[in-house]
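Assemble chain B onto chain G, guided by the hints.
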Amino acid sequence: MSSVSKSELEARGDGASPVASASTPGGRFFNSENSLKLGSLGLLTILAILPVSVFLYSAFVTHPEAGDSIFTFTNFTKNFSTSEVFDASLNTLIIALGTSIFSCLTGVSLAWFHARTDMPFRRPLEALTLIPFFLSSFLGAVAWWALAAPRTGILNRWMIDLFGLSAPPFNIYSMTGIVMVMALFYTPYMYLFTIGSLNRMDPALEESARVCGTGVLRTALRVTIPLSTPAMLSGAVIIFVVSMGVFGVPSLLGPIARISTLSTIIYTKMEEYPLDIGGAAALGSVLMVFTALGLYIQRKIIAPRSYVTVTGKGYRPSRVSLGPWKYVALAINCFYVLLAVILPLGALLLASFNRAWLGGFRWSQLSIYNWAYVLFEYEYAIQATKNSLILGLVGGFITVVLCTFLAMVILRGRNKRLSGAVDYLSTLPIGVPGLIMGMAFLITWIKTPLYGFPMLLLMMAYMTRYLPYGLRTISSVLQSLSSELEESARICGSSFVATIKKITVPLLRPGIFAAYLMLFIMFIRELPVSVLLATEDSAPMAVALYILQENEALGVVAAFALVQTALLLLGTIVFRKLGSMEELSV
Amino acid sequence: MAEVVVKDLVKRFGTETLAVDNVSFTVGEGEFVTLLGPSGCGKTTTLRCIAGLETPDEGDILIADEVFTSSHNGVCLPPEKRRLGMVFQSYAIWPHMSVSENVAYGIQAQGASRAEVNEKVANALELVGLSGLGERNATKLSGGQQQRVSLARALAYNPRVLLFDEPLSNLDAKLRERMRVELANLIKELKLTAIYVTHDQAEAMVMSDRIIVMKDGRIQQEGDPHSTYNEPSNSFVADFIGVTNILEGKAGERENGKGLWVEVPSLESKILCAKGIERDIPAGSDLLVTVRPEYIELGEDGSSDENVLRGQVSDAVYLGQSWDCLVQSGNFELRVHVRGDADIRAGQSVTMNISPSRCVVLSD
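So the protein lines, in turn, are chains G and B. Quick note: to get my numbering, add 141 to the position in the first sequence (first position is 1). Quick note: to get my numbering, add 6 to the position in the second sequence (first position is 1).
Okay, chain G solo, but in the shape it has when bound (with noise of 0.2 angstroms):
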């Protein structure tokens, strides 16, 4: 029954949404159709376009801060042929390779054992093993820092003191070290990857392969892992791209090694004498535009292979019996939870309580003064907790709305054409690099008026770079509404205006919720795009994080880094409690 609606859907091609369709073909509502799309077309102009074009155009002039305009390529022939940047460049290769590499290895196994295995404790350690998604790499960083360091670090004086060691064992400083934070604080994003087409695969598809005689192991090799080959793919390549844009971990962890990558040389060039706006552009559109293929590769690619393996029956749940390796696959799963979570977090909670750090936590040093510190005294480190919060909540507030109305002008109404337009200047921000955003954000509009509001420019800079990622939850909810929900309130006598807000609105709920809480996450750990763009009285807290790891005593920084942990696990708790109370079964 359901292959007929469905071929008649296709039958009905490009008009089955047509809430906003019905009415004189070029009357009134045909315009203001089509003067909503323009307007976000001209909008995401002014936030996309228009900063990416000047970064890009910086790029080809000689000396773009003192606003000369002669077109050059020296730029790139004078930065390209320097050691540094070719040292600085393979870095980032080996960094986001290593990266995506080891957090496909660890984040598929996982959902593998979470998703189809009889591992015991699956429930708990999902919650445990998705935690480091909610923090981030840098504040990561941060914490393996306080950990590893070759002097300073609880894990090296630990290890020397149990074993009477004469060299501390680990240095966290080095390409080693950032390729582990990297790849522990990505492979939860390899987790929720794959995990979706684990649970969706029809586990017929493994039983028939268990019934022609294959062993458990055989099976999850030749057809599990094969199924979500794409899946896996699609991760494995936005992690890559994702990470050769990093410049969180590199920049806390590199120097000391004297490892540099291309975004760190793009910041040196913006922030420390001689500036050099020119190079730094060069250097930035040369990762953009690797970024950019990338994400081509994923999307036109690998994405469109995805085996299509819902067939929208009821699964039983069926799961692969391990025998006696589940208790091997608790202790690898376990093994991350420790190294990811446990051990980062155990050692800021320890440093934070100890005033004066020397490698160790000393019950005689205990201590609430750091906490004190950086709650009520520390006037850097509260103005940025504020401004993070302002920019969480109410960044997050106009960008949900930004994107639910997108999300709408993209997918209802029958201007394909130009919803196909608003739709791809809406996902172009995904292919700049955070840094990159923050620097053509700057390089735009430091000349302005508007640059004397630092924090309405960081939102807009928020707002731009991270727009992608709301529209798609917000969209994909959408999509899931059928738009006969919408059709039967219109031909129930409402109008056009009154469905969206009575009909359409309350239906994407869970949607807006679920967008607001990951925009909310995601501003509040952001560093990339603010570490350029923020002033000193703007600073948010990823910022404060950078300078005060700089600055001051390590229990100061860990402190500092829990309440932004706090912030974060806070939000994702009160988020979840509001959207599950709104839970619908659409």
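What the hints contain is simulated information worked out from the structure, not anything from laboratory work. Be aware that a few hints might be false.
Here are a few chain G residues that sit away from chain B, every Cβ distance over 12 angstroms (derived from the structure) [claimed, not checked]:
id, residue
1, Leu246
2, His255
3, Arg263
4, Thr293
5, Pro309
6, Arg460
7, Val469
8, Cys475
9, Ala497
10, Leu507
11, Ile587
12, Gly593
13, Leu597
14, Ser635
15, Ile644
16, Leu703
Quick list of in silico lysine-lysine cross-link-like pairs, BS3-like style, CA-CA up to 25 angstroms [unchecked claim]:
id, chain 1, residue 1, chain 2, residue 2
17, G, Lys643, B, Lys87
18, G, Lys557, G, Lys441
19, B, Lys146, G, Lys643
20, B, Lys87, G, Lys642
21, B, Lys87, B, Lys256
22, G, Lys178, G, Lys642
23, G, Lys642, B, Lys146
24, G, Lys718, B, Lys146
25, G, Lys718, G, Lys642
26, B, Lys221, B, Lys180
None of the values given here were measured: they were computed from a predicted structure. For every residue, glycine included, the Cβ atom is placed at its ideal position computed from N, Cα and C.
Then chain B, alone, in the frame of chain G:
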């Protein structure tokens, strides 16, 4: 007064797909008309044009002389101005509202008073047999009950015409059969005008006053269930509705008052056809004849003068109430349905009689 007129309706999707190709029909007041056809035949698009959910490229739609859509002067009323009721295949029950709120929505949209709303909601729920369930969460109901809510919602504000888009196809078979009868009776009782879209021929037969069979965006045949079944106009209709035998033949001579003789080479025989011969059929022209399996009777030799065929049962499947047989006659395997109490074996030689009034010459 609810006479629906659809005239020369054309709807294209993109530049190439012609979803509805020059469709015209009318629906009288209180009539139950079904648009029947396979998926992609344009029946749903036609219905959505009437509802105002699609804007047709050409043609007019009028209800009770009010112009809903006209390509001549660019009129196209939005759906909320048409005062129609529609029941969707997916039920389209709003999950954030209770049963009553769902049903009340359309009445409230008309600006009715609170008391009036309550009364009409109660009436509508009673009509569909859901009295007392008003406060329930609509999506917690069973599929059949949800479809009743959807029907109550469409009935509640006295729409001029009720539109149904495959409303029963998400229900299980038993429930579907019961709902068919119940729904048809309710519509008749309330003297409502209804346009019903389905791909299920049995549903169309049971419920409709008139069936419009569509294929590739065009109307193939229009008529009451009896004539649509017994006198299909072409091989598509004959095959789509029920099971049938289609024979290739050549027109022979007419026998006054009795019918047209058709030479059927595959049967190595001539058969006399009394239906579908009103048009001019030149002798010797190629044509198709259809005979329903249940109209082929097994009998004794010499029990009839015309249309006597001999053959051998090649396969017989027992279905309880009947035998579904294949009978080899000449080079053709005829499908024959025989009553369940008959004694049939594969390999048996049989003689078959077909009444000429059951032999229909098709137009293609």
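Hints and how they fare:
1. Remark: the non-interface label on G:Leu246 is consistent with the geometry, its nearest Cβ contact in chain B lying 41 angstroms away (cut-off 12 angstroms).
2. Once the 12 angstroms rule is applied to beta carbons, G:His255 is consistent with being away from chain B; the minimum gap is 29 angstroms.
3. Non-interface call for G:Arg263 relative to chain B: holds, since the shortest CB-CB distance, roughly 29 angstroms, exceeds 12 angstroms.
4. At roughly 55 angstroms from the closest C-beta of chain B, the C-beta of G:Thr293 stays outside 12 angstroms, upholding its exclusion from the interface.
5. No beta-carbon of chain B is positioned within 12 angstroms of the beta-carbon of G:Pro309; the least distance is around 59 angstroms.
6. In this structure G:Arg460 is separated from chain B by more than 12 angstroms, as the shortest Cβ-Cβ distance comes to about 29 angstroms.
7. Every CB of chain B is more than 12 angstroms from the CB of G:Val469 (nearest about 43 angstroms), matching its label as outside the interface.
8. For G:Cys475, the non-interface assignment is confirmed: its Cβ lies about 40 angstroms from the closest Cβ of chain B, beyond the 12 angstroms cut-off.
9. At roughly 57 angstroms, the least C-beta separation between G:Ala497 and chain B is larger than 12 angstroms, which holds for a residue marked as non-interface.
10. The Cβ of G:Leu507 lies farther than 12 angstroms from every Cβ of chain B, with a closest approach of about 52 angstroms, so its non-interface assignment holds.
11. At roughly 47 angstroms from the closest C-beta of chain B, the C-beta of G:Ile587 stays outside 12 angstroms, upholding its exclusion from the interface.
12. At the 12 angstroms boundary, the C-beta of G:Gly593 stays outside the reach of chain B, the nearest C-beta of that chain being 44 angstroms off.
13. For G:Leu597, the condition that its CB be more than 12 angstroms from all CB atoms of chain B holds, with the nearest at approximately 35 angstroms.
14. The non-interface label for G:Ser635 is inconsistent with chain B: the shortest C-beta to C-beta separation is roughly 5 angstroms, within 12 angstroms.
15. A beta-carbon of chain B is positioned within 12 angstroms of the beta-carbon of G:Ile644; the least distance is around 6 angstroms.
16. Listed as outside the interface, G:Leu703 is consistent with that label: its C-beta sits roughly 39 angstroms from the nearest C-beta of chain B, beyond the 12 angstroms cut-off.
17. For the given pair, G:Lys643 sits about 18 angstroms from B:Lys87 by alpha-carbon distance, which is consistent with the 25 angstroms threshold.
18. Between G:Lys557 and G:Lys441 the alpha-carbon distance is near 20 angstroms, which keeps this suggested pair within the 25 angstroms criterion.
19. Among the hinted pairs, B:Lys146 with G:Lys643 is consistent with the structure: their alpha-carbon atoms are about 20 angstroms apart, no more than 25 angstroms.
20. A C-alpha spacing of about 18 angstroms is found between B:Lys87 and G:Lys642, which places the hinted pair at or below 25 angstroms, so the restraint holds.
21. The straight-line distance between the Cα atoms of B:Lys87 and B:Lys256 is roughly 55 angstroms, outside the 25 angstroms bound, and the hint therefore fails.
22. Distance restraint check for G:Lys178 and G:Lys642: the Cα-Cα separation of roughly 19 angstroms lies within the 25 angstroms cut-off, and the hinted pair is therefore satisfied.
23. Between G:Lys642 and B:Lys146 the CA atoms are separated by roughly 23 angstroms; this keeps the pair inside 25 angstroms, and the hint holds.
24. For the given pair, G:Lys718 sits about 22 angstroms from B:Lys146 by alpha-carbon distance, which is consistent with the 25 angstroms threshold.
25. Taking the CA atoms of G:Lys718 and G:Lys642, the gap is near 24 angstroms; set against the 25 angstroms cutoff, the hint holds.
26. In summary, the hint linking B:Lys221 to B:Lys180 is not supported, as the alpha carbons are separated by about 28 angstroms, beyond the 25 angstroms threshold.
Going through the hint list in order, the structure does not satisfy hints 14, 15, 21, 26.
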